[in-house]
Amino acid sequence: MGADAHPGDDALPSDGWYAPVAETPNKPVKIDGAIVTDPIKRHRRTAAAWTELVGARGPSGRSARSKVFAVGADPDHPTDQQASNGPQAAGWAKARARERDQCMKYKVFTKIRKEHIPEGTRIVDAKWVCLVKRRSDGTIEKHKARNVGRGFTQEDGINYDETYAQMMRPETFKILLVIAFHRDWAIRQWDVVVAYLQALLKHDVYVTDINEDGEVEYWKFDKALHGLKQACHEWFKTLCDIMSTQVEYGMVPTNSTQSLSGPMLMTSSELHQGKRT
Amino acid sequence: MEEGSSDTNPNRINRIDGEAVPRAESKDGKQHLPPGNHGRRCSLPAGSRSYSKEEEAEPASANPRYQGVVGGLLFIARMTRPEISVHVNLLGRRTKDHTTQHWKTALQVLQYLHSTRTDGLRLRKPEGTELASHIYADASYGGEGARSQTGVMITLGNQLVGWYSRRQDVVALSIPEAGYIAGCEGAKDASWPVQFLEELGIVSQPNLHTDSEGAYNLSKQPKVARRSRHIENRFHYLRQQVRAEKLTIRTIPGKNNPVDTLTKLLPMSSVNGWK
Numbered sequence: 000m001g002a003d004a005h006p007g008d009d010a011l012p013s014d015g016w017y018a019p020v021a022e023t024p025n026k027p028v029k030i031d032g033a034i035v036t037d038p039i040k041r042h043r044r045t046a047a048a049w050t051e052l053v054g055a056r057g058p059s060g061r062s063a064r065s066k067v068f069a070v071g072a073d074p075d076h077p078t079d080q081q082a083s084n085g086p087q088a089a090g091w092a093k094a095r096a097r098e099r100d101q102c103m104k105y106k107v108f109t110k111i112r113k114e115h116i117p118e119g120t121r122i123v124d125a126k127w128v129c130l131v132k133r134r135s136d137g138t139i140e141k142h143k144a145r146n147v148g149r150g151f152t153q154e155d156g157i158n159y160d161e162t163y164a165q166m167m168r169p170e171t172f173k174i175l176l177v178i179a180f181h182r183d184w185a186i187r188q189w190d191v192v193v194a195y196l197q198a199l200l201k202h203d204v205y206v207t208d209i210n211e212d213g214e215v216e217y218w219k220f221d222k223a224l225h226g227l228k229q230a231c232h233e234w235f236k237t238l239c240d241i242m243s244t245q246v247e248y249g250m251v252p253t254n255s256t257q258s259l260s261g262p263m264l265m266t267s268s269e270l271h272q273g274k275r276t
Numbered sequence: 000m001e002e003g004s005s006d007t008n009p010n011r012i013n014r015i016d017g018e019a020v021p022r023a024e025s026k027d028g029k030q031h032l033p034p035g036n037h038g039r040r041c042s043l044p045a046g047s048r049s050y051s052k053e054e055e056a057e058p059a060s061a062n063p064r065y066q067g068v069v070g071g072l073l074f075i076a077r078m079t080r081p082e083i084s085v086h087v088n089l090l091g092r093r094t095k096d097h098t099t100q101h102w103k104t105a106l107q108v109l110q111y112l113h114s115t116r117t118d119g120l121r122l123r124k125p126e127g128t129e130l131a132s133h134i135y136a137d138a139s140y141g142g143e144g145a146r147s148q149t150g151v152m153i154t155l156g157n158q159l160v161g162w163y164s165r166r167q168d169v170v171a172l173s174i175p176e177a178g179y180i181a182g183c184e185g186a187k188d189a190s191w192p193v194q195f196l197e198e199l200g201i202v203s204q205p206n207l208h209t210d211s212e213g214a215y216n217l218s219k220q221p222k223v224a225r226r227s228r229h230i231e232n233r234f235h236y237l238r239q240q241v242r243a244e245k246l247t248i249r250t251i252p253g254k255n256n257p258v259d260t261l262t263k264l265l266p267m268s269s270v271n272g273w274k
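These protein sequence lines are chains A and B, in that order.
Sequential numbering of the first sequence, starting at 0, is according to numbering that gives the first Met the number 0.
Sequential numbering of the second sequence, starting at 0, is according to numbering that gives the first Met the number 0.
Next comes chain B alone, as it looks inside the complex:
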C-alpha cells in the first residue's frame, strides 16, 4: 500500500519542494499562504511514511514559529480534522530538531487546511435504535526508529467521535504484532467511552475492527508461539478483554479500514475517499 502510493503519485512529493510551497520568510510574520491560492484545493503531503528521507540533504535550520504552528495543527487535528492527524504526529516529533523540510511540510498542511477550510467533521443522526460503538485499529509496520504507527478511530452510531495517530512505544517485530499492539490500544480506548455511556444509562458493546489477521488470531488463541512469545504481557489486555467478552473483535479487509488514513501518508485520492 505504502509503495504503491508513492509510485502512483510522484507529483505529490515533488510539490513539497516545488513552487506551490509558500516562502516561509514573510516579513510581517503572518503571510503563510501565497496570494492567489484561494479556491484551489491543495493536497496533503503523501508518499513517504516519515519525512526523514527528503530532509537529509537539507541543512538543519530551526524556525522559531515551527513549534507554534505544530501546536495549532495538533489542536485542529484533534478537534475536527482526522485526516491531518498522521502528518501532525510526524511533524510534532521534531519540534526541537526540525529541518527546512519539516517547516515546508507544516506549511503545506496549513495550505491544505486553508484550501479546504469549509470542510469539517460532520455528525449525522445515527440510524436505528441502538447506539453501537465500533473501534477501528490499524498499524503501519516499521517507521522512524523501527517503531510502528498506530491509528485508532472510535465511532458511536457510525459517527466518528474520536481518533488519533501515534507512534507505538515499543518496537514490534512483525506486522501481526504491530497490529496486535494497535488492537490493544484500541481496546483501551474502547473501555473509556463504554464506561461513560454506561453511566449515562446506555449499554453498548464495542466491536474492534482490525485488518490484521494475525492480530485477530493472537487475540483469540492463548498459545505461545515462537514468533509471538516475546510480546509484552501488557498487550494481552486485548486478549483478556476479548475473552471476558467486553469486546468483540472482527477482521475487515484492509481497504475497508478507514484507519489507513491515520497510519500512513496516503495520497489525497485515498484520503478523500473516506471523507
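Chain A on its own, in the form it takes in the complex:
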C-alpha cells in the first residue's frame, strides 16, 4: 500500500497547465548521471549553462539538480516556464513586475558587472517561484511571484555564517494572550510586508539570474533575498535592532524567552506599566 502513490508518478494530463513546454520534450533527461523521465524539467538551464554561470560546482549544487521537486505538478505552483508560457502569463508578468518594484523600493540589490565580482566568489543562483493564491471559495486572489535565491548554492563562511532564527513557542503566545485577557488589553498584531527584503546582510552576496530579456545578469545584494540561508537570521537581527534602538518602541528582549519572534518579539517596557491600549 502507498508505495505506488507518489504524487508525481501518475501520468500528467496533457491539457493546459500540465503540458510540457516546447523546449523540454518528454524524453528521458540525463542530470548528473541519473536518468530522469519526468516530463517536467526541473530547471530551465542546461547543465552546460549552469557550469558557465556558477563555475565549479560544489556538492550542494549537484544535489540540487538531482533532487526531485514537486513544483510544476501542481497547476497552482507552476514552474517558471509553465508560468510564462501558460494561459495566465499576463498575471504572472504583473506579479513579477510587482516583486521587482518591491526590490527597487527597498534598494535590495545593485546591478553589477561580472568583472567587478571578486575572483573566486561563489555566486548564488536565483529563480522565480510562482504561486497562485486562492480565496477559500477557490477563485484566484492573486498571482504571487517571488525571486528567490537558491540558498543551497551558498557556501558556509563565505556567503553566510549564522543561520539561526528564533521561533516563538506556542506557550509564550498563549501566556501573553491570557495576560492580555486578564488585564482587558486590546491586542494588536502586525505583519511586516516583504520582511526579508528589509533585512541588512552582513556578507557580500552576489546573485545571478536571467532577466526578462533572457540575458544573464549579476547583482550584489545589500539586503536579504528570500531563500538565502541567512535571511531569517538577518531579519531577526534587523528587527531586534529597530525595536530596541528606536525610542518610540524602546523594547528589550526578555531573558527567559528571547524566542518571542515577530510582532511579539519583545516585551516592551510599556507592558510592565500596563500602558498598552
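Honestly, the hints are just simulated from the structure, not real lab data.
In this text, a Cβ means the ideal position worked out from N, Cα and C, and glycines have one as well.
Part of the chain A face toward chain B, derived, beta carbon under 8 Å:
id, residue
1, PRO169
2, GLU170
3, LYS173
4, ILE174
5, LEU176
6, VAL177
7, PHE180
8, HIS181
As a list, the in silico DMTMM-like pairs of lysine to aspartate or glutamate whose alpha-carbon atoms are at most 25 Å apart:
id, chain 1, residue 1, chain 2, residue 2
9, B, LYS124, A, ASP183
10, A, LYS236, A, GLU170
11, A, LYS236, B, GLU198
12, A, LYS143, A, ASP100
13, B, LYS124, A, GLU170
14, A, LYS106, A, ASP221
15, B, LYS245, A, GLU170
16, A, LYS132, A, GLU98
17, B, LYS187, A, GLU170
18, A, LYS113, A, ASP100
Let chain A serve as the given structure and place chain B on it in line with the hints.
Quick look at chain B alone, frame taken from chain A:
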C-alpha cells in the same frame, strides 16, 4: 482505567479496520477523506495504549507520505488540539518503520480533525485578580518498551496555555515512580513560565497537581525506601522544588485530572468531557 476503556468501547477499535477508514491509495495524493463524511463527527482511535497489538498481523508497508502527515499533526497538536497529542506522539515514534496500521490510524486522526475542524482551543478572560498557574501531571505506567507516558498541562488563570504527551526516557519500576517522574517533568515545565511571568512583573506560584498519592509522598518525604532507592537523583528536582517552596504539590482524584487524555488513548466520551 485503561482496561475499562477498551472493554466498554469495542466499536472504537473495530472502526480502525472497518469501512469508516478511507483508502490511502488516492490517485491525486490529496483525497485523504472519503466523500460524504462531512458533518459527521468521527472519533479518535481509543482503547489500546500503543498501536503495536493490532499491527502484528499486518505486513509492514511504508507510505512515503506518512512522515509528512505526522509532521503536520504534530504542529496541530502543539498549537490548538491537545486531545490528539498522545495519538500523535505514538504515531511519531514510527516514522521510520510504520505499518499499514499506523497509516490508517494517522488517517483516522485526520478524519477526526476534519470532522471537528470548527473546534479549537478557547481562551477566556481569567476570573479574579490573580493569575494562578496550575500544572497537571500524570503518567500511565508501562507501555511501549516498558517506558511510561508522561502527560503535562500548564494552565494560567485556568486557561490552558501549554501541554504535551511524551514517553519517559527511563523505565519506571512502579506506578508511583512513573507519577514522580511525570511530576518532575511538570516541575521543570513550571519553572519556565514562572520566570517569564516574573520578568513581566507578574508573581505566580505554581501548583502542581498529581493524582498519584505515591508521587506526592515521595516529593514530601526525604526518606530512601526499598522501593524508591533506585530513582535517579535528577528526578528529585521535584522534591527540591517543593522543599524550596517554589512549587506547591497537591493530589487530586484521577478522574478529575484532565491530563488523563494526554497519557492514554481514552474513548471519545472521556475526551469530550474535558473539552
